[in-house]
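J.: Dock chain B against the given chain A, drawing on the hints supplied.
Chain by chain, the residues:
Protein chains: 2
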Amino acid sequence: MKNFTFFSPTYFVFGKDEENSAGKYVKRFGGSKVLIHYGGGSVVRSGLLDRVKASLTANDIAFVELGGVLPNPRSGLVYQGIELCRKENVDFVLAVGGGSTIDSAKAIAAGVVYEGDFWDFYMGKPVTKALPVGTILTIAAAGSEGSPDSVITKEEGMLKRGASGEAYRPVFSILNPALTQTLPAYQTACGVTDIMAHLFERYFTNTQDVEVTDRVIEALLMTMINEAPKVIENPDDYQARANIMWAGMLAHNNCCGVGREQDWSSHDMEHELSALYDCAHGAGLAVVFPAWMEYTMQHDVMRFAQLANRVWGCAMDFQHPERTAKAGIQAFRSFLKSIGMPQTLTELGGKEEDIPYLAHTAAYGNEGNGCLGRFVELKEEDIANIYRLML
Amino acid sequence: MKNFTFFSPTYFVFGKDEENSAGKYVKRFGGSKVLIHYGGGSVVRSGLLDRVKASLTANDIAFVELGGVLPNPRSGLVYQGIELCRKENVDFVLAVGGGSTIDSAKAIAAGVVYEGDFWDFYMGKPVTKALPVGTILTIAAAGSEGSPDSVITKEEGMLKRGASGEAYRPVFSILNPALTQTLPAYQTACGVTDIMAHLFERYFTNTQDVEVTDRVIEALLMTMINEAPKVIENPDDYQARANIMWAGMLAHNNCCGVGREQDWSSHDMEHELSALYDCAHGAGLAVVFPAWMEYTMQHDVMRFAQLANRVWGCAMDFQHPERTAKAGIQAFRSFLKSIGMPQTLTELGGKEEDIPYLAHTAAYGNEGNGCLGRFVELKEEDIANIYRLML
Numbered sequence: 005m006k007n008f009t010f011f012s013p014t015y016f017v018f019g020k021d022e023e024n025s026a027g028k029y030v031k032r033f034g035g036s037k038v039l040i041h042y043g044g045g046s047v048v049r050s051g052l053l054d055r056v057k058a059s060l061t062a063n064d065i066a067f068v069e070l071g072g073v074l075p076n077p078r079s080g081l082v083y084q085g086i087e088l089c090r091k092e093n094v095d096f097v098l099a100v101g102g103g104s105t106i107d108s109a110k111a112i113a114a115g116v117v118y119e120g121d122f123w124d125f126y127m128g129k130p131v132t133k134a135l136p137v138g139t140i141l142t143i144a145a146a147g148s149e150g151s152p153d154s155v156i157t158k159e160e161g162m163l164k165r166g167a168s169g170e171a172y173r174p175v176f177s178i179l180n181p182a183l184t185q186t187l188p189a190y191q192t193a194c195g196v197t198d199i200m201a202h203l204f205e206r207y208f209t210n211t212q213d214v215e216v217t218d219r220v221i222e223a224l225l226m227t228m229i230n231e232a233p234k235v236i237e238n239p240d241d242y243q244a245r246a247n248i249m250w251a252g253m254l255a256h257n258n259c260c261g262v263g264r265e266q267d268w269s270s271h272d273m274e275h276e277l278s279a280l281y282d283c284a285h286g287a288g289l290a291v292v293f294p295a296w297m298e299y300t301m302q303h304d305v306m307r308f309a310q311l312a313n314r315v316w317g318c319a320m321d322f323q324h325p326e327r328t329a330k331a332g333i334q335a336f337r338s339f340l341k342s343i344g345m346p347q348t349l350t351e352l353g354g355k356e357e358d359i360p361y362l363a364h365t366a367a368y369g370n371e372g373n374g375c376l377g378r379f380v381e382l383k384e385e386d387i388a389n390i391y392r393l394m395l
Numbered sequence: 005m006k007n008f009t010f011f012s013p014t015y016f017v018f019g020k021d022e023e024n025s026a027g028k029y030v031k032r033f034g035g036s037k038v039l040i041h042y043g044g045g046s047v048v049r050s051g052l053l054d055r056v057k058a059s060l061t062a063n064d065i066a067f068v069e070l071g072g073v074l075p076n077p078r079s080g081l082v083y084q085g086i087e088l089c090r091k092e093n094v095d096f097v098l099a100v101g102g103g104s105t106i107d108s109a110k111a112i113a114a115g116v117v118y119e120g121d122f123w124d125f126y127m128g129k130p131v132t133k134a135l136p137v138g139t140i141l142t143i144a145a146a147g148s149e150g151s152p153d154s155v156i157t158k159e160e161g162m163l164k165r166g167a168s169g170e171a172y173r174p175v176f177s178i179l180n181p182a183l184t185q186t187l188p189a190y191q192t193a194c195g196v197t198d199i200m201a202h203l204f205e206r207y208f209t210n211t212q213d214v215e216v217t218d219r220v221i222e223a224l225l226m227t228m229i230n231e232a233p234k235v236i237e238n239p240d241d242y243q244a245r246a247n248i249m250w251a252g253m254l255a256h257n258n259c260c261g262v263g264r265e266q267d268w269s270s271h272d273m274e275h276e277l278s279a280l281y282d283c284a285h286g287a288g289l290a291v292v293f294p295a296w297m298e299y300t301m302q303h304d305v306m307r308f309a310q311l312a313n314r315v316w317g318c319a320m321d322f323q324h325p326e327r328t329a330k331a332g333i334q335a336f337r338s339f340l341k342s343i344g345m346p347q348t349l350t351e352l353g354g355k356e357e358d359i360p361y362l363a364h365t366a367a368y369g370n371e372g373n374g375c376l377g378r379f380v381e382l383k384e385e386d387i388a389n390i391y392r393l394m395l
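Listed in order, the protein sequences are those of chains A and B. In short: position in the first sequence from 1, add 4, done, that's our numbering. In short: position in the second sequence from 1, add 4, done, that's our numbering.
Bound conformation, chain A alone (with noise of 0.2 Å):
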């Protein structure tokens, strides 16, 4: 195990109809001016909002909203929640919605109080100063409601980076399980395949004797395999999405990645689908992952087999251990096919003709040091590789 530290201060709030708490959890944590951020109509239609602005009105808490926050979301809209709460003096940011709207709270958050470019955030500086951030879930998914992580996407040739910083951390995260039973299956399948990536990116390391964190990841695994098809059965399980929604904060605030090397190759190949083609994240990784996982499994087969025995109940075949993990990541393709998730880049939209682009740009276009992935050191070759394993 590797040295670490570890720091996850958000007050989280569980359980039923907990988003009437919002004003107090507001007034707890300093806001006084709140802009509630949040994305399309459901929020709305749901009641969810009204229920929110009753609450901070209830608590003496003014605020200005700004809504329209897409999936994968935008630079644009950043920007105009910067002016927005420069404006009108917001001094806490609220964000009603999942992954895409808590990301957008925060690069606003922080881009409020930096006198440059929020985008610099996304291009490497880390975050160090940021409004407060409160959160209400409504999608079980990216894990940003425990994260120190954002996700943008820059308008200008679809860019998609992430940021990161203890400053991004919320300071409050409310989860109610029940503001998910709306969700399409198919928005719930592609949280349930998030929240499992999160979970192999920290799998997948070379670094020993991590037991402890291994043990833990495999727990929330089998959380997931257990609970997903409850609610594609039955959207209405509130039990199955309680489980599915603290296995995702947990999968993502860390407490089970410290102390190894992570690898997160698969998400920044996910990142150039989801730019291109405006693929749902979680479907896009449904697509990548079992690719990333045959092209590199030679480099670990006891790693991979261990997986597949622990967690998909495959039996260990000790004479050919390669057998038992294969049969993982074919178990791996059976459940996403299972709760509905696509299986191949033409199902997404992708075309073969775009994987030099795609590896080109996954390779270079952030960092710009032409490999992606610490597991397995990829090269452009490689991805364009795995992204023809995906066809």
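Among the hints, a few may not be true.
Just so you know, same-sequence chains aren't split out, so a pair can sit in one copy or run between any two.
Claimed, not checked - In silico DSSO-like pairs for lysine-lysine, Cα to Cα no more than 30 Å straight-line: (1) K341 x K31; (2) K341 x K234; (3) K28 x K355; (4) K383 x K158; (5) K383 x K129; (6) K57 x K129; (7) K57 x K6; (8) K129 x K341.
Calculated directly from the structure, the hints in this document are not laboratory data.
T.: Chain B only, in chain A's frame:
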């Protein structure tokens, strides 16, 4: 899953040599005059205390010191610490040691800023205010480095009681697994048992549909089962120490206990043993917990069978689940024996004739309602029966 809040704002600094950053973190969290609180001579002899002092001095932080914390820390030293802190205008308490030292430091920190008798907190008053506490952990066991809890023994009557409150969460905790390498095997094993007991107290619940926390608890238990024999065999196994140390924190900061009823009757029964016989807490738990399991097994055979199958690897007997359940308890007993833990009350210095007193004090000592536990509600007679199973 039940509604819950979860707040674990401790800054964890994990790894080799990190005790040398103590001064940096005291400064970051606002300390300028520190009470260094510690136990016996090993902290002095090993040079740890000198390294900590050097780090404080290098950061221009003044300090006073108070050693002498005993296992099952006493109220007498807490009163001394409070007086010293007031006299010296201390604004930060730094615990260098194990759970006893940290618990004593927490009590001092709360007592300094409280006008009444600090013991009020241990009679049920919630802790809402305290000086900031930092910790440098030297034994993986109590989990006090990440918990909002403290247990103190009052000399008059040897009453051992707990207090709790968010103000008791350390602002930072430094966890260097190498510091635990000098521990005798017996103390290491006591720590392992304590960590496992924290997990069992949460595992045995009547709350339904708690897959995510069930799985995480099981993950941490399997970590202990895998890693503990390594450190018993080779005390210098840094990696195994590291896995145990992080598992010990996760086992008790409550990330795996949220949203579910917890039991805690075994801890209450053990507290009577260590108060009366002054045995190590972990050794007491090694005797209490298997007996408690045998006594309560019939209440939920399938939960015991799940534990036996998933954690201990016992084959599921689908026709006779109680056989699987019992095999799990037997596996736990064998494990405890293998790491050198006692099996009986007699080995702890206990006597059959003390049982009526122990049972009565356990049932009526603190809260006075005559009952212990939530998984199964135990009355005085049940408690006596369980103590008898330990003979």
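J.: Does each hint hold? Answer for all of them.
T.: Here's how the hints hold up against the structure:
1. K341 x K31: neither (45 Å within a copy, 53 Å between copies)
2. K341 x K234: within (15 Å within a copy, 41 Å between copies)
3. K28 x K355: This pair counts as neither: shortest intra-copy Cα distance 50 Å, inter-copy 54 Å.
4. K383 x K158: within (25 Å within a copy, 65 Å between copies)
5. K383 x K129: within (25 Å within a copy, 61 Å between copies)
6. K57 x K129: neither (34 Å within a copy, 35 Å between copies)
7. K57 x K6: Answer is between; shortest inter-copy Cα gap is 26 Å, intra-copy 45 Å.
8. K129 x K341: neither (39 Å within a copy, 54 Å between copies)
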